[in-house]
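Protein chains: 2
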Amino acid sequence: MKNCIIAQSGGPTVAINASLAGVVEECITSHAYDTVYGSLRGIMGVLNNDIIDLTEKVTKDNHFLDTLKITPAMYLGSCRYKMPSAEEKPEIYEQIFSFFEEKEIKSFFYIGGNDSMDTVLQLSKYAKVHNKDVTIMGIPKTIDNDLCHTDHTPGFGSAAKYIAATLTEIAYDISIYPVKSVTIVEIMGRDAGWLTAAAALARTEYGLGVDLIYLPEVAFDREQFVADVAAVMEKKNNVLVAISEGIRDKCGQYISASTASTDSFGHSQLSGAGKALEYLIADRLGTKVRSIEINLPQRCAAHLSSATDLEESAELGRTAVRNALKGVTGHMSVITRTSDAPYTVAYDVANIAEIANEVRNVPRSFINEAGNDVTAEMLTYLRPLIVGEPTITYKDGIPQYASFQHLYR
Amino acid sequence: MKNCIIAQSGGPTVAINASLAGVVEECITSHAYDTVYGSLRGIMGVLNNDIIDLTEKVTKDNHFLDTLKITPAMYLGSCRYKMPSAEEKPEIYEQIFSFFEEKEIKSFFYIGGNDSMDTVLQLSKYAKVHNKDVTIMGIPKTIDNDLCHTDHTPGFGSAAKYIAATLTEIAYDISIYPVKSVTIVEIMGRDAGWLTAAAALARTEYGLGVDLIYLPEVAFDREQFVADVAAVMEKKNNVLVAISEGIRDKCGQYISASTASTDSFGHSQLSGAGKALEYLIADRLGTKVRSIEINLPQRCAAHLSSATDLEESAELGRTAVRNALKGVTGHMSVITRTSDAPYTVAYDVANIAEIANEVRNVPRSFINEAGNDVTAEMLTYLRPLIVGEPTITYKDGIPQYASFQHLYR
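Each protein sequence line maps, in turn, to chains A and B. Here this note's numbering is used: position 181 in the first sequence is 222, and no number is missing along the way. Here this note's numbering is used: position 263 in the second sequence is 304, and no number is missing along the way.
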């Protein structure tokens, strides 16, 4: 017997189930594993023996993988469990690997972001040191697009498409009144401005679209911001601004109302950059001003996914399996862009030790000198990632996704 | 020569251009008018002689009306101009009707909400008193669904579909963590809870979906709300709540941080019902809590329109023209539902005097006794309105809508 197990972790994206589908597909078509298990709620499923049989799912339902590919969030559930190091808590590692032994698990696939890749690193190190015959592979995902050694991350293209389409629609909405107004849209991105940059795709030749873009990679100057908005307003009535939730002043202080609480990984809980700037504009320019926090839809609006993103996410899943079968361990599957036009990519794996806990920021050359817009280089980078619309099935007007009933036991 | 003119006013919906397309279509195919004009920015275009030739647009571009039908916001622009009465400012009315005479305008079509229907009423009264040979017709629109004498309003079905689909996706997103959480979604609706009620469509048989719904039609009780949330949390981890921005306590006070400023129609500017309840839950239950203000996308996300809504909106435009040609004036086109299943409707017109400045609230029988959910009657009412997906053309991953360049002169 030779089985494998897959888990998902971190925050949701609309592409993380496409990667799961890719892993399952390759595991089954390669006939390399007897049973493909799913670990419910990240590594917690392994620790709690809370698993499901994905091979059975596929056998029973011909459409399962197709529906899974367009389903948002994590089919297997998620966790925010920070793995202790093997030195700190060896018993956790012993428990995981004895579970693997018991279930005859030869490969563990972890689909997740930065924190999940750290788990992959810890587990693969432990396996090496203790001569465990289990390959441990990571598959990336994050709408933040901030993982190193991959051209971009699964989930990012769909989130970018959501931002581009939604800001286009907001630009239409705000353009109709003959009175001056400022609309500030706050977009996710704690440290990296990639997703906010996608607002630049919401532009027309004649002026309707996003006017100013501020990323966390450049120190935010309140006075310059007011001056920038006033300058745009000289030329058009309705100013549309995109800001990242993570913008900071030159002292590194978040432009925000509250930065007090932190999550279990020590990240600051941000809120209010948009609101803070709304008040600033109202106070300084006295014009009508509104702030919009795009919030969860940017990471869960599967009905507006990028087909390119979903296809690549599935292929990254397959790549991880193919490499695991070659005996590769402690690696993450990655995308290398081989050409911008026509857009082509290649798939490979990279050493997890060089990826985990590293953040890839927007390079300064992708941001204009004034720090209030992106450059043509950024647009060239972004454009292919949002292309294509997957087929979504609607029933009674509502998009149909895979059932999460197994998480409701 | 016999011409007509169309204007749009009030807040945007995704269906108001479908009505415009319907009016233009019927005007042209009936051959009853030589030229169909569009008045830019509501009645302001008439007052400022700021008009465009829509007949020419259609002649030059075969696809113009099809693109228009799926374009969000107002193609002709909008205004928030409150028409003074003819007694107050007769010169405004003289100016409008001498413009009509000069341009040989025989029919004026105004697509808008409550405030715009008041303009239709004033103009038709003036025309009658002063023997002006101009028919004045209203075509409804509002995502609030609060106009009388029509089963529902154009724009509502699409907004309801956006709410149903988006809350479905949010329900997926929040369901993955094995920790208790409360998510409060604030939905538009100052006085009427119709749109918030559409959250009830985002439900599955196994528990994923919206748990509690609060409309402005029932007095909101903070203590009962905390108890309701706690009761749901006994049964599931992740509680999803939909509230209307207009919820009020038993003294009529908005559940909100600020109610000070008002717009030019005397409406209170609301914000913060969601935030106020977020703080309440954090304080009282100590659980993880998030509030989401759906904001502009619920009224401008044309890519997620209801095909039923768009088709009906166009037909209401055609109905107004057909009646104007029969000499009807001072009326608004309306929808009567003739059957729930199969869903069928009839189109007619109703006297504007019985519609303008009236608000249609959600009947108490559509809300459950506890005031924290809707009834089966409401679901029967809502379901057919969100059905069907129009064909949206994407270019480079972004939905393509009609150009608003003429508003950028």
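Hints are computed from structural coordinates only; laboratory data are not their basis. Backbone N, C-alpha and C define an ideal beta-carbon position, used for all residues, glycine too. Do not take every clue at face value.
Unchecked claim - Taking CB as the label site, the calculated pair distances span:
#1 D437(B) / A271(A): 26 to 34 Å
#2 D437(B) / A411(A): 35 to 43 Å
#3 K291(A) / S444(B): 52 to 60 Å
#4 S444(B) / G368(A): 55 to 63 Å
#5 K436(B) / N402(A): 27 to 35 Å
#6 D437(B) / K123(A): 38 to 46 Å
#7 T377(A) / D381(B): 53 to 61 Å
#8 K277(A) / K123(B): 19 to 27 Å
#9 K123(A) / T377(B): 40 to 48 Å
#10 K291(A) / N409(B): 47 to 55 Å
#11 D107(B) / D232(A): 54 to 62 Å
#12 N409(B) / N392(A): 39 to 47 Å
#13 R325(A) / A382(B): 53 to 61 Å
#14 D437(B) / E395(A): 28 to 36 Å
Stated by the list, open to error - Below, in silico cross-link-like pairs of lysine to aspartate or glutamate (EDC-like), each with a Cα-Cα straight-line distance of 20 Å or less:
#15 K436(B) / E135(A)
#16 K147(A) / D94(A)
#17 K277(B) / D91(A)
#18 K316(A) / E319(B)
#19 K436(A) / E352(B)
#20 K436(A) / E319(B)
#21 K291(A) / E246(A)
#22 K436(B) / D94(A)
#23 K169(A) / D192(A)
A quick look at each hint next to the structure:
1. D437(B) / A271(A): 26 to 34 Å: holds, 32 Å
2. D437(B) / A411(A): 35 to 43 Å: violated, 26 Å
3. K291(A) / S444(B): 52 to 60 Å: violated, 41 Å
4. S444(B) / G368(A): 55 to 63 Å: holds, 57 Å
5. K436(B) / N402(A): 27 to 35 Å: holds, 30 Å
6. D437(B) / K123(A): 38 to 46 Å: Given about 40 Å between the Cβ atoms, the range holds.
7. T377(A) / D381(B): 53 to 61 Å: holds, 56 Å
8. K277(A) / K123(B): 19 to 27 Å: holds, 25 Å
9. K123(A) / T377(B): 40 to 48 Å: Given about 60 Å between the Cβ atoms, the range is violated.
10. K291(A) / N409(B): 47 to 55 Å: Holds, at about 54 Å.
11. D107(B) / D232(A): 54 to 62 Å: Violated, at about 44 Å.
12. N409(B) / N392(A): 39 to 47 Å: Once the Cβ atoms are compared, 57 Å apart, the range 39 to 47 Å for N392(A) and N409(B) is violated.
13. R325(A) / A382(B): 53 to 61 Å: At 56 Å between Cβs, range holds.
14. D437(B) / E395(A): 28 to 36 Å: Holds, at about 33 Å.
15. K436(B) / E135(A): Violated: K436(B) and E135(A) sit about 53 Å apart, past 20 Å.
16. K147(A) / D94(A): holds, 15 Å
17. K277(B) / D91(A): Satisfied, since the Cα-Cα distance of roughly 18 Å is no more than 20 Å.
18. K316(A) / E319(B): holds, 16 Å
19. K436(A) / E352(B): The given pair, whose Cα atoms are some 19 Å apart, holds under the 20 Å limit.
20. K436(A) / E319(B): violated, 32 Å
21. K291(A) / E246(A): violated, 34 Å
22. K436(B) / D94(A): Violated - the C-alpha atoms of D94(A) and K436(B) are around 40 Å apart, more than 20 Å.
23. K169(A) / D192(A): Roughly 28 Å separates the two Cα atoms, so the pair is violated.
The structure is inconsistent with the numbered hints 2, 3, 9, 11, 12, 15, 20, 21, 22, 23, although it conforms to all the rest.
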